[in-house]
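Work out the full structure: start from the sequences and follow the hints.
These are the residues of each chain, in order.
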Amino acid sequence: MNELLFFILIPLVTGIINWFLPIILRKVLTFLSTTVGLYLVFSFYQTAPEPFILFNETIFTINSLGLFTALFIQILSFVILIYSLYGVPREIEKSFFYLYPLTVAFCQSVVLSDNSISFILFWGLSGLTLYLFATLGSTNDSPVAAKKTFIIIGGSDAFLLMGIILLYILSPTSSWSLSSISSNLDNNYSIIAFVFLLIAAFAKAGAFPLHTWVPDFAQNSPVESSAFLPASLDKLLGIFLLAKMLTQIFIVDLVVNLILISLGALTVITAVMMAMIQHNGYRLLGYHAVSQVGYMVMGVASGHPLAFAGGIFHMINHTIYKSNLFLSLGSVEKRTGTPDLNELGGLGKNMPLTFLMALIGALSISGIPPFNGFFSKWMIYQGLLNKTSTLSEGYQIWLLICIVIAIFGSALTLASFLKFLHATFLGKKTEKYKDTKEAPFNQWFATGILSLLCLVFGVFAVVLPLKKLIFPLTETTLLGKPEFIGLYEPVNLLLLFIIIFLVGMIIYATNARVRFDEVYVGGTPAFDKYRVSGTEFYNEVRNFPLLKAVYNFAERKYFDLYELFKNFTLWISEIFQKAHPGLLQLYLLYLLIGFMIIMLLL
Amino acid sequence: MILPYYIIIPLLTAFIISLIAGKKDIYAIWLSFIATTALLILSIYSLLTSKHETITYTMSGWKIPFGIVLVQDALTSFTLVTVNIIAFTAILFSINYIRYLSSDWKYYALFMLLLTGMNGVVVTGDLFNLYVLMEIALFAAFALVAYGSRAEEFEAAFKYAVMGSISSFMILLGIAVTYSATSYLTMAKVAEVLPLVDKKVVFWVGALFIAGFSLKAASIPFHSWLPDAHSSAPAPISAMLSGVLIKALGIYVLLRIFYNVLDAPEIFLKAFLVLGTISILIGVFLAIGQWDFKRLLAYHSISQIGYILLGIGIGTPLGILGAVFHLLNHAIFKGLLFLNSGAVEIALGTRDLRKMGNLSKILPVTSQTSLIASLSISGIPPFNGFFSKLIIIIAAIEANLPWYAFFGIIGSLLTLASFMKVQRYGFKAENVIEVASNKIDWRMNLAMILLAALCILTSMMVIPGIREVTLDPVVSVVANKTEYIKLVLGGLNEN
Chain A
1 MNELLFFILI PLVTGIINWF LPIILRKVLT FLSTTVGLYL VFSFYQTAPE
51 PFILFNETIF TINSLGLFTA LFIQILSFVI LIYSLYGVPR EIEKSFFYLY
101 PLTVAFCQSV VLSDNSISFI LFWGLSGLTL YLFATLGSTN DSPVAAKKTF
151 IIIGGSDAFL LMGIILLYIL SPTSSWSLSS ISSNLDNNYS IIAFVFLLIA
201 AFAKAGAFPL HTWVPDFAQN SPVESSAFLP ASLDKLLGIF LLAKMLTQIF
251 IVDLVVNLIL ISLGALTVIT AVMMAMIQHN GYRLLGYHAV SQVGYMVMGV
301 ASGHPLAFAG GIFHMINHTI YKSNLFLSLG SVEKRTGTPD LNELGGLGKN
351 MPLTFLMALI GALSISGIPP FNGFFSKWMI YQGLLNKTST LSEGYQIWLL
401 ICIVIAIFGS ALTLASFLKF LHATFLGKKT EKYKDTKEAP FNQWFATGIL
451 SLLCLVFGVF AVVLPLKKLI FPLTETTLLG KPEFIGLYEP VNLLLLFIII
501 FLVGMIIYAT NARVRFDEVY VGGTPAFDKY RVSGTEFYNE VRNFPLLKAV
551 YNFAERKYFD LYELFKNFTL WISEIFQKAH PGLLQLYLLY LLIGFMIIML
601 LL
Chain B
1001 MILPYYIIIP LLTAFIISLI AGKKDIYAIW LSFIATTALL ILSIYSLLTS
1051 KHETITYTMS GWKIPFGIVL VQDALTSFTL VTVNIIAFTA ILFSINYIRY
1101 LSSDWKYYAL FMLLLTGMNG VVVTGDLFNL YVLMEIALFA AFALVAYGSR
1151 AEEFEAAFKY AVMGSISSFM ILLGIAVTYS ATSYLTMAKV AEVLPLVDKK
1201 VVFWVGALFI AGFSLKAASI PFHSWLPDAH SSAPAPISAM LSGVLIKALG
1251 IYVLLRIFYN VLDAPEIFLK AFLVLGTISI LIGVFLAIGQ WDFKRLLAYH
1301 SISQIGYILL GIGIGTPLGI LGAVFHLLNH AIFKGLLFLN SGAVEIALGT
1351 RDLRKMGNLS KILPVTSQTS LIASLSISGI PPFNGFFSKL IIIIAAIEAN
1401 LPWYAFFGII GSLLTLASFM KVQRYGFKAE NVIEVASNKI DWRMNLAMIL
1451 LAALCILTSM MVIPGIREVT LDPVVSVVAN KTEYIKLVLG GLNEN
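If you're matching them up, the sequences are chains A and B in order. The first sequence begins at 1 in the working numbering and counts up by one. The second sequence begins at 1001 in the working numbering and counts up by one.
Bear in mind the hints are in silico, worked out from the structure with no lab data behind them. All C-beta atoms in this analysis are idealised placements derived from N, C-alpha and C, irrespective of residue type, glycine included. Watch out, some of these pointers could steer you wrong.
[Said to hold, decoys possible] Short derived list, chain A residues pointing at chain B, Cβ under 8 Å:
id : residue
1  : Pro143
2  : Ile169
3  : Met599
4  : Leu602
Structural data, given as structure tokens:
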């Protein structure tokens, strides 16, 4: 059998068989199939498999971008599966373990598809499983979130469909192969097709202005699915499509690049501002999952080889640290029963391993060297700065503003993760959570793998992921070979950190005079209500005169494209409904008018 | 010859039911169940064995122009299968459902008359005969809409009757004009003679038929009877009306007359395009604001009919393929959705989406099947609605009509939104309803599961090998336009 088909059929068949199995076998089978998939995808790097052909059309084939994305889909699925083996809520466990392999199969099929129709089909199917995951949520708002998610995702599929059909009409060879299409943005059709494909990519990846489903999904769905789809697989797919569009399908000019970069910068800043003021941990992470997409878009859309490589690198880094963060918070939530930052606190001592993993994740996302998030952001900035030097004056300022916004966003990310860490793991504990236990083995093991990846991809960035995977990939695009302008030595830096840390520990050990004590208010131990939870850190920001108004608007969802369209649709619907009051005379009048018009026209 | 059986079986069943079933309903149930099963088997059998030849049958041996001809080609068999699938599942569903309204043999007798009319319209090759059978179906439908005998149902039935009669009058006028111009009523003969007569006649006839049959098909602006009628009727009847009646009486006849008889003049196709697009958009906008489950579904029928009209209007073989495929798919998923609504109404006693909730726990089968149907109608892969809409949209762009494709996309998006609303409020809402007031029995569940399985199975019809034996012959019948004349008249001369 064709290897590629086999690779896709394994999880697909697993998903279908799982329907009929008891839960324990579902877990075993899913684990086995994911492991085999992991082995296969590594073997594809050694020997490229034959394309899969059906009805004289190439359905699945491998190219460097697809294989790279497939590799990380498989790695992430494997790690998140380890986390999910124990701890998924009992009532949704059964559905979870048949949706999981199906999702893997659909996502892999998307990245390996060469045929447009199968691409649309599997893209839609991956959105469908996303919806089904969302309906598994147990919070009160989960039906609303599921509905919103699927309207945005499923709706953007419709645009993808139209975009791809337009491309098909445009391409002179008139075959359904995605790789044979190439188009300049020089006529109306191709511009429309570009915008439609962009809508699909942005909705999937969760970029401004189609991002609004991500925080809702993160808040209301099972945490494993948030880590699995919006934090990793959907990012991979969305950015995969964007990269494919910009490097293989369309030939874009500078203005398009700059517009996309600006959208990226807007994504970064708006989402991180929203993230700062959140009280629900999942929602906070959800907004960050949006904000980070901004960097990827900036990198991938830059048209500069180094920034492109940085964008791709940031994409995988993000999937790693963001799923790490989601899963760590998930462990906390499973032990305490709430992701509400107001109620948590001081859990670092109870759950030291989880704290460590979350800390590494938070440092990575905030872009602190030597972790991976720093490296990829730094590549993006370098590439973009280098690009500015080639531009004319006006464009230079435009691009510089975008870069400054992105850097500012990075600082705010750090700020908001300080709040997150403090509110969850530091500060004073509430009575209720005094006896919270460490997360089970499989959970901290999974987050541990992810944390290790954060560190490895940060320290050995050049040797491992970049030289082996990303640079060869970038070279196959039209952009050319990425060159570093300045390089920093993460290994030396790490050593420096370790030395400083050791020195600090020695000083601490030699003259430690630390006294642990209760917090007192007016002579008596402080009540729970005087506890500082950390969620109020940025209330100042929330109350800045101008920002306050903006935040108020945002909380009333005036900036949510989905809400705007919803209101608009309902308004039109109301007008039409007023025209149908149930009066027979009126209906007969419509009939008559319709008949008259037809008679007149003919 | 099996052709007359499509009319004889249900007609005879209707008479026998009213004769002998006065005492016991169980006879009526068994009789109608056997009749629909027989029809389903017959129609599938003839679809598979006819090898897509055109078969004709002259009633009681009278030669045309005096006699009546029955014609069966691929389009006929295809529509017959569609009609009879829905009829079979609707009867299966009715057995228990109708007991909650009133335990009555009249329901089954009327149902059989409805089926007689629909099957008859599809197999007949004679214009006036078509009119008569259409009226049989319509009168049965009026009575069935009022079957629940509440005030609103009578009102709906009355509106339906008034508007239906007006359109029937237009159609009759059209037939009269045709007859006076060509002196024939047999469609094949009419088609043969029509090119020889004055062009103005074609326009007159065409305009009258468009208005008349568009009302039967419920395209905007001739739609206003539909939401009332379809939401007031008992659920299996709504499934029949929305699923197949508007297609057998509306779309099928439009295809037959405008393609096979009138040779698809450009200007009428344009009219279909415009009617279709308006129906898609206005229908879906009307639907999205509804809170009554069945009314929402009824408005969606208008919108989905719009897609079929759009496909017909595009006029390329691909467009017709999409339209015909969507016709079958819409019958299946809309039938299923109406059965779902019936099950919910039985279980909870309400059609208001806001009062439902927690249905995934108490009605697992209804909830799962409604999810499948909702995804099908919204055009989500791998369900059938996705493929037919995909084909229609590809056809529109290929025919250089990108704006129509765009409106199709927008309609599809809004359809998705409104069915997400159904799912969110109807099946997953916060309202905690612990127990259903009435149980859904296995026959209702079976009917829903059958249709849900078809939602997935029919999407197999896009696979080239299967498409060649199912959909392609239908498309060739329609796309070859007046080839029909030769096939029918050739068949008649052989007899």
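- Per the CB criterion, is A:Ile169 less than 8 Å away from chain B? holds, 5 Å
Hint check: 8 Å Cβ-Cβ cutoff, A:Pro143 to chain B
holds, 4 Å
**Prompt:** Given A:Met599 as an interface hint, is the shortest Cβ-Cβ distance to chain B below 8 Å?
**Reply:** holds, 5 Å
Please verify that hint: A:Leu602, Cβ, nearest Cβ of chain B, below 8 Å or not. Holds - the Cβ of A:Leu602 comes within 8 Å of chain B, reaching about 5 Å at its closest.
Violated hints are absent here; each numbered hint is respected by the structure.
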